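Peer 1: Single-letter residue listing:
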Amino acid sequence: MKNYITIKKNNKTMKNVFNINLILAMTLIFFNSCSEDFLDKAPLDELTVDGAFNTKADAELALNGAYGTMVTNDPHTYRWFYTIVGDMRADNSHGGPPGTITNCELLESLAGDLEPGIWNWYEAYKYSAAANIILDNVPKIEDPNFSDSERKNILGQAYFLRAFHYYHLARQYRDVPLILSQDGDLLPAKSPEAEVYAQIVRDLELAESYLPTEHANRFLTSSRGTKGSAQSLLAKVYVETGDYAKAAEYAGKVMDSGVYSLVETYDHLWDGNHQNTTEAIFELQHVASTMTGTYHPAQMLPPGDLTIHEADKPGEGVGWAFPRFNVLNHELIEAFDEMGDSIRKWSSTLTVTDRSLMSDPPLGFADPTEPVSHTYKNGRHWDGFSGRWNVLLMRYSDIILLRAEALNQIGQTAEAITYLNQVRARVKLAPTTASSQSEVALAILKERRLELAMEGQRFWDLKRYYGEEGLVTYLKGLTDTGGNNLGKNPTSVHQLYLPIPQRDLDINPNLVQNPGY
Amino acid sequence: MKLNPLLSSNWQYNLKKLTNVVKISVLLSVIMTLSSFAHTNVYSQEKISVNVENTEIINILDNIESTTDLRFFYDNDIYDFNKKITLTINEETIATAISLIFENNIDFRLKQNVVILEKVKLTEKNNEVSSEEDDLEQRVITGLITDNFGSPLPGATIIEVGTNNGTTSDFDGNFSIALENDEASLQISFIGFVSQTVIVGDSNSFTIQLSPDESSLDEIIVTGYGTTRKGDITSSISVLDLDGVGEKAITDVGQMLAGRSAGVRVVQGSGQPGAAPTIFIRGLSSLSGNTQPLYVIDGVVSYSLGALDPNNIEDITVLKDASAAGIYGAAGASNGVVLVTTKKGRKGEYKVSVNSYAGFSSVIKTIPVLDNAGTVDYFNDLNGSGSSIPAAELAIDNNWQDLIYREAAPVTGVNAAISGGGENGSFFVGLGYLDQDGIVVSSGNKRYSLSINLDQTINEWLSFGSHFNYTRSNVKTIPDNMAARFGGAIQAALVTPRFQPIFNDDGTYSTQARTQGGLNNPLGYIYGNDNLNVINNIVTDVNFTAKINSDLSFKTQMGVVILNNHYSSFKDPRLTSEAKGVKGEGSLNTGEAVRFIFDNTLNYDKTFDKHQLGVIIGSSTSEEKIHTSLQTKRNFANANIRTLNSASETIVNSASKSAWSLQSYFARANYSFDDKYLITASFRTDGSSRLPKDNRWESFKTISAGWKIFKEDFMSDVDFISDLKLRVGYGETGNLPAGTNSYAYRLLFNEYAIDTFTTGPGVWLGTSSGNNNLEWETSDQFNVGIDFSAFDNKLYFSADYYSKKTNNMIYPLSLPWHTGFFDQIVNLDGQIENTGFEFAINANLVEKDDFSWSTAFNMSFNDNVVTNIPDTAIITDGWLQNLGGNVTITKNDLPIGSFWGKISEGVDPQTGDLIFADNGKFQFMGSPLPDFTYGFVNEINYKNWDLNIVIDGVSGNEVYNTGRQELEEMRLLHNQSADIVNRWRKPGDITNIPRATILDQNGNSKISSRFVEDGSYLRVRDISLSYDFKENVIKGLNISGLRLYANLKNWFTITDYTGYTPEINRGGSSATIQGVDYGTYPQPKTFNVGMNIEF
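These protein sequence lines map, in sequence, to chains A and B. Counted from 1, the first sequence has number 358 at position 358 by the numbering used here; the numbering is strictly sequential. Counted from 1, the second sequence has number 236 at position 236 by the numbering used here; the numbering is strictly sequential.
None of these hints come from the bench; they were simulated from the model. Computed from a predicted model, the values in this text were never measured in an experiment. It is possible that part of the hints are untrue.
[To be verified] In silico EDC-like links for lysine to aspartate or glutamate, alpha-carbon gap of 20 angstroms or less:
| no. | chain 1 | residue 1 | chain 2 | residue 2 |
| --- | --- | --- | --- | --- |
| 1 | B | Lys657 | A | Glu46 |
| 2 | A | Lys41 | B | Glu775 |
| 3 | B | Lys657 | A | Glu142 |
| 4 | B | Lys625 | A | Asp40 |
Let the hints inform the model, and build the full structure from the sequences given.
Peer 2: Quick look at the structure:
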């Protein structure tokens, strides 16, 4: 069909303009975005797991972060909650004056915000996740400058860290879910205790084979995983599982390595001027800053007036007042005196006579007759969140005494006595008079109490010595020398293990609460 | 003669549309009397060539239109325009061409470039020669048509009543018409204005002012990416009646919206000057995503209304249901869309207008607290005699509320606007200044605004427009919305004992020597942290519209939205002991978000016979980049130098940066048949960077239909009904996660020691797990509504029922801690359902020359319920530190964010403790969401007086009064409410206030229904009275308008709520924390006087 109209005036240009307009319009409508990846907007201020592991440096960054998370991100477990669980729950200390929440109630709280029983669970898993992403991703890195030994060093430390966190979980909660990859099942069931320990041993054996005996300097050797720290933890795991031969073997490996030795002056361990000593096997580093500092000393709270500080402590949960944790039992002081152990008593505690050594009367300090933990000594005080006080998570004398304990258990009592005396000699105590296997076992228990006071060990030492039923009987039989509520410690076997936080039970239907709760 | 193609084409366009609605054949046979013009018109000499075979006449005309400046104008009935002809015309004039095309059966007139086709009158045909002479003998009337502002109205239609004789006004609003009859009256009409009939009488010259017709069905309103006639709406859209609102002392856009639209709830959660209100349209429909409507300013999708000075707003349209909002698909369209059009210049007149006002605000009420004797008595009761306060101290009696609330906080505002336009363009420039002191000392806001709008016709097919809206606010805030012990000044003014001195001996503000917990006095909190937040808000765009042919046009728009803020604060070491201890602390936090938007739309509009079709297709691209920088330092060398360079200790030094993008394609078609049956459908597909690659794209469809019942034949006898329309619509919309990369497995930075004193960087897995399966949150909404007008639009009624369901709710669901994560962003199973009914009635009760009264009432009922979410989803919120934890819960079969706690059954007379129902089981304590809300606006004019009253209210909602919880806590050495003198003291006391106890083992002071109060209120939000000086008064002043006004805001409220104000919103726009009051900055009452002047 022929159908056109011509108009003389500028007809061609006009038509072209309209056509061009239409083409332009369609072009703008359908091809207006700049490029295909216009909708790809990677985070600009964060890394994502996909794409964060390409080089050796990336692996090192993740490893440093796995240690860093233990001091910077919600860190309670290895700052002071380990002493709540290990000392306050036993006979070394107690929580606050009468009328406040009791030791067990504190740990068994199922909901809320700040309870150690919840934090210890959450944090151990979070720290373990930091190790998992290394184990998930570092093997996949293709970097020609990343040597096999460097890769093994990083993986070995990640295995060590994961084992360390699961060791704490298994001791406190017994059967726990095993999360070995961050890509795995989000709602798993619990694994039996034996399986958890078997996994810990697997991780530690890999760590032992991957890791060097020493790092470049003493600082790194005590702050990073080494063959020695893996072996030390294996020794601790084996005493926990009752395999004393293996425990003695691994403690022996640590002692034979020549890397570690006892510091001459016991007080150097706690005076704040001698960190990362030859005695440190695994020492958590705090550098004075808002990011990596610690408020650890101030949380070893002395007794005080409850009501004054109740209101000004942020973080109070539902319905509980802020108690005083880790008020030393008078009985601990008596144990030092009974042993004639003035050196360690003076280093680990502040009693009425040497209260003047306190640098900074802590807030609300009310009762001058109560002994106070050493953490207030020698310039240690409330530094906000930025104190530089390291935490000794594993040290050499613990391993020596474990070797003694393990050897005594397998009948090598004489050799055990020599190691026990090594530790006593350092604090100018005469060799032990104990000779029979049972006497030596008790002597080692007493020695560990004083040597490792307020280091979160006592509860498990007692548990090994007395067994579960025996420990409950022992704790029930404690006399209340300081007029305090020691009787509020575990009174039944089920209380030796903490309840699983209710929150996780609510969300994960595959999880079963520990018996008795 | 100069041409004005845009004007003439608009004029033709409007009239063409009109033909479909108002079947007035009269209009279409308008006779141009300026026939003499035709002969001298350049267009009459234009040469036209046509060469067609078997082609419809209508197409020939269309083609002539599209290739020349000539525009045809005709009534379809006068000739068979679909007749096919074969024709060759070679360079002939239009006159010849028309006679050839129509074979001499059609006459024509030429006005400028417009060819008006009309039937040949038989008489004229018989007497062609004399026709011109007859015209000359007729009486000619001239006149000027203006709008209500006196601006000329070009293109108004003037018809001699009872004849086919008519004309239109020219560019300057002037017309002249030769009358056919001696005793004539003229009917003047213009779209959007009330038609007027004028009896000609003896006068030969008239000035006719038309007044706007607000309820006109022909009013063109803005919808998403286009416009529509009000009468053709098929979905739920509110057009706000802002008549005169902008000319008053309005400091915030929220004040313009409140009470004026059914289904739109405005919550002014704080009285802090500069605090933006939150706006909820048809309830809360998202758990963690956005709950606020999408704001579109002059077509540009913006963050908020923050860039707007209310004085520069022309129109606000609210798209309430999904069938209307669905064209915006994503980005919060689930919560409705607020479309704002700013003021433009008017062609033909230059105008300067000034609105200036001044006034005072003050606190509405104060809350009674214990006097010194009462406080001491309470302290002793609580703590034994250990708290005895020395008599010397008790001589001090500070009324802290008087000390923090200004008796009369001044506000002044000035807005000036210059606008105007020539033939091819118009402009509007608005300048504004607002200086508003808050009712709490030290707080206030200074706002500067600039608005520039330009429109320009570039040539006959291309036009250009640009908007620039800018505000700069300088906001000084005081710390509120929290407990006194955490720094909340409003609460501190209540719980600080009156015997506490203002200053310590060293000149710092006192902390509480006799009380607990490091509490500063309220003045210490207020003055101790000197702060200023400077916020720059820009929304600007440039757009071009190209006419491709008479049916098809293309618009491209480039917009930029910038939000920039700069917060600085300084804690002066001379003012508080806290700051003294750290030698001063200064912060400087800056942030900027820049959004770029590029929209392109192709618009097709065509009418043929009884069919009308409109199609829009388009695309939209947007990208936003956000960055912030946070710095805090301590240890200042000198307290007078507050810049951070003078401080030596770094406390915070941090930054963040993120970006997102959105790509969208959309299409919408609307079709109407016979102007009775309307249908609209749209489709939009959105791709967002905020979701994982595989789930990025989502499509949203809408469909809606309307039936204009009143146009049916069976309604033709019902004269009093001017509109009756049924609307039904269904639509889908979407919502995105709040974060820019929340789906990713993110690693966060931390540090660890690399030697004794140095740290090195590390990364750790963040507490939120990624989710590569994250999808869009979607909601769908069904709406059915009816519109009804009667008695010449004197009565208007509209009602809607809707049902809105949100699916795939995006929510950070708690993960078990053993996963190593705290939560994971997921699409939660289950729904949030909002169902509601809303209606609006407008009535012009009286319409007399010197007295009129119009009233508008709207009411909305909304029912919100959460259903089918997993039992393992723990959704609690509203953390109240020390007072019992989270106060709200979101769970199945309850409204979102319901209050959750123990039900108190009063005080046990034996123990003085509360008795809790069901052994203290936590249960539903009430909902913060109202059962219904309402607004009632009255406008009364008497002669020069104008009285405007806005009343609004909510009913059936609860407020959790945390402020009172702290005031009746009775376990700390703080001052308390005066009511606690009635507390339980000894066994046998019957009272509703429990005992004072430090340990409070029963939890009397913790979250319970004891602190849940009825939040219903009815409030007279605004009363305005103005006086308009008429022309004769102001003639000598060389101005064209003068109006004086006074208004009262928030002066009368009826409520049972015991706190400062029931309209509170601690949680802002968060869906799960509504209705929690915790020492929120109270809303003020205000008195203003002002004036409007026009030049």
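Peer 1: Each hint should be assessed against the structure and marked as holding or not.
Peer 2: Hints, verified against the model:
no. : hint                  : in the structure
1   : B:Lys657 <-> A:Glu46  : 9 angstroms, holds
2   : A:Lys41 <-> B:Glu775  : 16 angstroms, holds
3   : B:Lys657 <-> A:Glu142 : 29 angstroms, violated
4   : B:Lys625 <-> A:Asp40  : 13 angstroms, holds
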